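I would like the entire structure built from these sequences, with the hints used as guidance.
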Amino acid sequence: MKTVGMPRGLFYYYYYPWYKTFFNDLGARVILSSPTTRITVDQGINMAVDETCFPIKVYFGHVQELCQYDLDYLFVPRIVSVEARSYICPKFMGVPDMIRASFSDLPPLIDITIDISRSPRDFQEELYKTGRLFTKSRRRIKAAYEHGREELKYCQAIAAQGYTMAEAIDIWEGQEEKGSWNSDLCIGVLGHGYSLYDQTISLDIIGRLRKMGCRVLLPEALPGERVEEEASTMPKRIFWTLGRKMVGSAFIMEKKPEIDGIIYVACFACGPDSFIGEIIERKIENKPYMLLVIDEHTGEGGLNTRLEAFCDMLRRKRRQKIEDNLPAYG
Amino acid sequence: MKITYPHMGNACIAIEAMLQKLKLEVIPPPPISKKTLEIGTKHCPEFACMPLKITMGNFIEALDLGADTILMAGGWGPCRFGYYAQVERDILADLGYKFDMVILEAPDSRVSELFRQLQALGQNVSIVEAFKALKFAWYKLQVVEELEKKLAYVHPRALDKRKAENIYDLALEKIKATQDKEEIDKLFHTCLASLDQIALRAEEPLRIGLVGEIYTVLEPMANYNLIRSLGRLNVEVDNSIYISDWLNDHLLGGLVKKSHRRQLLKCAAPYLNYFVGGHGLETVGSTVIYARQSYDGVIHLGPLTCMPEIVAQSVLKRVSSEEGIPCMTLYFDEHAGVAGIQTRLEAFTDMLKRKKARRAAIH
Numbered sequence: 001m002k003t004v005g006m007p008r009g010l011f012y013y014y015y016y017p018w019y020k021t022f023f024n025d026l027g028a029r030v031i032l033s034s035p036t037t038r039i040t041v042d043q044g045i046n047m048a049v050d051e052t053c054f055p056i057k058v059y060f061g062h063v064q065e066l067c068q069y070d071l072d073y074l075f076v077p078r079i080v081s082v083e084a085r086s087y088i089c090p091k092f093m094g095v096p097d098m099i100r101a102s103f104s105d106l107p108p109l110i111d112i113t114i115d116i117s118r119s120p121r122d123f124q125e126e127l128y129k130t131g132r133l134f135t136k137s138r139r140r141i142k143a144a145y146e147h148g149r150e151e152l153k154y155c156q157a158i159a160a161q162g163y164t165m166a167e168a169i170d171i172w173e174g175q176e177e178k179g180s181w182n183s184d185l186c187i188g189v190l191g192h193g194y195s196l197y198d199q200t201i202s203l204d205i206i207g208r209l210r211k212m213g214c215r216v217l218l219p220e221a222l223p224g225e226r227v228e229e230e231a232s233t234m235p236k237r238i239f240w241t242l243g244r245k246m247v248g249s250a251f252i253m254e255k256k257p258e259i260d261g262i263i264y265v266a267c268f269a270c271g272p273d274s275f276i277g278e279i280i281e282r283k284i285e286n287k288p289y290m291l292l293v294i295d296e297h298t299g300e301g302g303l304n305t306r307l308e309a310f311c312d313m314l315r316r317k318r319r320q321k322i323e324d325n326l327p328a329y330g
Numbered sequence: 331m332k333i334t335y336p337h338m339g340n341a342c343i344a345i346e347a348m349l350q351k352l353k354l355e356v357i358p359p360p361p362i363s364k365k366t367l368e369i370g371t372k373h374c375p376e377f378a379c380m381p382l383k384i385t386m387g388n389f390i391e392a393l394d395l396g397a398d399t400i401l402m403a404g405g406w407g408p409c410r411f412g413y414y415a416q417v418e419r420d421i422l423a424d425l426g427y428k429f430d431m432v433i434l435e436a437p438d439s440r441v442s443e444l445f446r447q448l449q450a451l452g453q454n455v456s457i458v459e460a461f462k463a464l465k466f467a468w469y470k471l472q473v474v475e476e477l478e479k480k481l482a483y484v485h486p487r488a489l490d491k492r493k494a495e496n497i498y499d500l501a502l503e504k505i506k507a508t509q510d511k512e513e514i515d516k517l518f519h520t521c522l523a524s525l526d527q528i529a530l531r532a533e534e535p536l537r538i539g540l541v542g543e544i545y546t547v548l549e550p551m552a553n554y555n556l557i558r559s560l561g562r563l564n565v566e567v568d569n570s571i572y573i574s575d576w577l578n579d580h581l582l583g584g585l586v587k588k589s590h591r592r593q594l595l596k597c598a599a600p601y602l603n604y605f606v607g608g609h610g611l612e613t614v615g616s617t618v619i620y621a622r623q624s625y626d627g628v629i630h631l632g633p634l635t636c637m638p639e640i641v642a643q644s645v646l647k648r649v650s651s652e653e654g655i656p657c658m659t660l661y662f663d664e665h666a667g668v669a670g671i672q673t674r675l676e677a678f679t680d681m682l683k684r685k686k687a688r689r690a691a692i693h
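Taken in sequence, the protein lines are chains A and B.
First residue of the first sequence? That's 1 in the numbering used here, and the numbers climb one at a time after it.
First residue of the second sequence? That's 331 in the numbering used here, and the numbers climb one at a time after it.
Keep in mind that the hints are not guaranteed to be accurate.
Once the Cα atoms are required to be at most 16 Å apart in a straight line, the calculated EDC-like pairs of lysine to aspartate or glutamate come out as [to be verified]: (1) K372/B - D680/B; (2) K236/A - E435/B; (3) K317/A - D184/A; (4) K153/A - D170/A; (5) K283/A - E503/B; (6) K236/A - D420/B; (7) K129/A - E151/A; (8) K256/A - E285/A; (9) K647/B - D50/A; (10) K365/B - D663/B; (11) K365/B - E676/B; (12) K283/A - D424/B; (13) K136/A - E125/A; (14) K332/B - D394/B; (15) K142/A - D25/A; (16) K647/B - D184/A; (17) K504/B - E346/B; (18) K2/A - D70/A; (19) K493/B - D515/B; (20) K372/B - D424/B; (21) K372/B - D25/A.
A few chain A residues that face chain B, going by a derived Cβ cut-off under 7 Å, partial list only [said to hold, decoys possible]: (22) T52; (23) D97; (24) K236; (25) F239; (26) S274; (27) P288.
If you are wondering where the hints come from, they were derived from the structure by calculation, not from laboratory data.
Since this is a predicted model, take the numbers as computed values, not measurements.
Virtual Cβ for every residue (Gly too), placed ideally from N, Cα, C.
Written out as structure tokens, the structure reads:
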């Protein structure tokens, strides 16, 4: 049985169920790197260029871990665009080249290029190309592709119930659903999935908020069309997929009366986020908004203090029920 | 309407000429200074790239001088530059400025589109006049770039560097001020002649290729006057990017002059196999070409957190070892210090000199 290594980083959080089902159906075994730890981070920092953003460094750490195993292939797709006329980020477009330049003992890479801007069927065609490494039967590849898509939809439906994508993937893989959390506050949390849902990168911001008695609303729980609709109110279309999603989600959250405040989690040196965080901050006028910038030097203590202060402020605001008495920022 | 625009190296000479020919009242932003950067940094997002902060400073300084319209370029990503104008407009509006912003969106290689945008900008300008304005600006740009190239040759070889710099600076100043073609030609030839008269050193200088993000490469204030500093260290710098090349490739669809972009992109493979926005691919391609032309080294510039250049930098270490060319990456932001940069440049050139001498000794 052929083995395919997959780093637990970047678009793992958005596409893993699809990829895994696809490879499994074609008779390959998927070997996933273990959840991010401090060791992953340190390895990544050693391998990657200093100036890259935290999630890319972590991704490098995962690749380093996978290099120890005896793999037939390492799956590191080049994700250029997942929808027409939009990009993810330049670094995503160079990931396979950056990895090739940084590691010397790599297994053969599957570095397909997913660029929907090029052709709307690009994702399908590139995955078909990948499938041919494992089987000659086009019918089987097609079935695996369709099955993968179904599984991803199912996983997204789980996430829409209020789970993070990481939790949704765990549940999808058969873990038990986590119980409900007691909450008196509702906070909208925004951020790129690969930093927000990685418990080491985000220092488990979502878990911390839940422990502080907050219900967390994530972009995945919002209907996609509404998000696009809200985002299209910007004077110029935002050409980063995730950025546009965040802006649209923030606008929806601002209008939802049950949401007490909004937190945006950005990684230092993230290009799109340096703008998106700013745009949201300037447009959100009716809800308390906090921009949290994290990187590999962020300490737990400081983060806790800021989250606690934010929650305390929201609670006080609610108690006083005097809406205009507090400044609209965290 | 009092129009202003952002600075980028010597582009201001061409932009100003064009706007004046379009019969607009132009208020050029004051030359970029420490204060410009300070103002920009104060109002821009913390980890945005430096060109945003500098252009922001330009706009604020120009608006304070009475400008009421801003001319800015746009784009469709993935580099952040495409969204500059939007963010800047929001920030300026929040600061209470009243102004119009005219954004020239990159027209996907349709010249006519750009042309229409320009004509719409002008005050009662006919198509012929608009075309003439564009042509004149292009001519001025060419002259300025020829002078830049001449200085790049003379400066590292000159015995009296200050003199070369002064001749060039003075000529540029005069060319900027005049809108008469004959006068420009005259100034151009006098400048070339005076530069030719400068006494040169006998020794051949080191040759370094300069690659990276276009704004940082072209704007001396964004790279802390790196090209001059290298010239004073007797290093000849070959600039991989000129504004006219960029305009030719991206806006005019290669119409005006022959483009070597295709070859550049071919050379980037197998190191970087896909375009990554900005100038990432050009950076890698140019480095490979410099290596194959036996340059002594390559200096790679970018603003801190520049996404395409980070990809390029990651790939450059492989290019460096496989093509055998020393590369140094320098990132700039508002915290960079001149002394630190100078030290790194000296160390790099010393290393290259030693390498060159050793190679000469072997042969």
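Structure-based check of all given hints:
Between K372/B and D680/B, the direct Cα distance comes to roughly 38 Å. Violation of the 16 Å bound is thereby established for this hinted pair. At most 16 Å may separate the alpha-carbon atoms for a hinted pair to count; K236/A and E435/B meet this at roughly 11 Å. Using a Cα cut-off of 16 Å, the hinted pair K317/A and D184/A holds, with the two alpha carbons roughly 13 Å apart. Pair hint K153/A plus D170/A holds up; C-alpha atoms about 15 Å apart against a cutoff of 16 Å.
Of the pairs offered as hints, the one joining K283/A and E503/B is violated, with about 43 Å between alpha carbons and a cut-off of 16 Å exceeded. The straight-line distance between the Cα atoms of K236/A and D420/B is roughly 12 Å, inside the 16 Å bound, and the hint therefore holds. At roughly 20 Å between alpha-carbon atoms, K129/A and E151/A are farther apart than 16 Å, so this suggested pair is violated. A hinted pair counts as satisfied when its Cα atoms are at most 16 Å apart, and K256/A with E285/A qualifies at roughly 13 Å.
Proximity of K647/B to D50/A is assessed by CA-CA distance (about 13 Å); at most 16 Å being required, the pair is judged to hold. Between the alpha carbons of K365/B and D663/B the distance comes to roughly 14 Å, so the proposed pair stays at or under 16 Å and holds. Between K365/B and E676/B the alpha-carbon distance is near 28 Å, which puts this suggested pair outside the 16 Å criterion. Straight-line distance between C-alpha atoms of K283/A and D424/B comes to about 10 Å, which keeps the hinted pair within the 16 Å bound.
Straight-line distance between C-alpha atoms of K136/A and E125/A comes to about 15 Å, which keeps the hinted pair within the 16 Å bound. Between K332/B and D394/B, the direct Cα distance comes to roughly 12 Å. Compliance with the 16 Å bound is thereby established for this hinted pair. Annotation: proposed proximity of K142/A to D25/A holds, straight-line Cα distance about 10 Å (limit 16 Å). This hinted pair does not check out: K647/B and D184/A have alpha carbons roughly 52 Å apart, beyond 16 Å.
Distance hint between K504/B and E346/B is fulfilled; the C-alpha atoms sit about 14 Å from each other, no more than 16 Å. Simply put, K2/A and D70/A have alpha-carbon atoms about 10 Å apart, close enough for the 16 Å limit, and the pair holds. The hinted pair formed by K493/B and D515/B fails the criterion: a straight-line CA distance of about 21 Å is larger than 16 Å. Between K372/B and D424/B the CA atoms are separated by roughly 13 Å; this keeps the pair inside 16 Å, and the hint holds.
Annotation: proposed proximity of K372/B to D25/A is violated, straight-line Cα distance about 55 Å (limit 16 Å). A hinted interface residue such as T52/A counts as satisfied when its beta carbon comes closer than 7 Å to some beta carbon of chain B; here the least separation is about 5 Å, so the hint holds. Taken as an interface hint, D97/A checks out: its beta carbon lies about 5 Å from the nearest beta carbon of chain B, inside 7 Å. This hint holds: K236/A has a C-beta 5 Å from the nearest C-beta of chain B, less than the 7 Å allowed.
Hint on F239/A holds. Least Cβ distance to chain B is approximately 4 Å, under the 7 Å limit. Evaluation of the S274/A hint against chain B yields a held restraint, the C-beta minimum of about 4 Å falling below 7 Å. For P288/A, the interface hint is violated, since its Cβ never comes within 7 Å of a Cβ in chain B; the closest pair sits about 18 Å apart.
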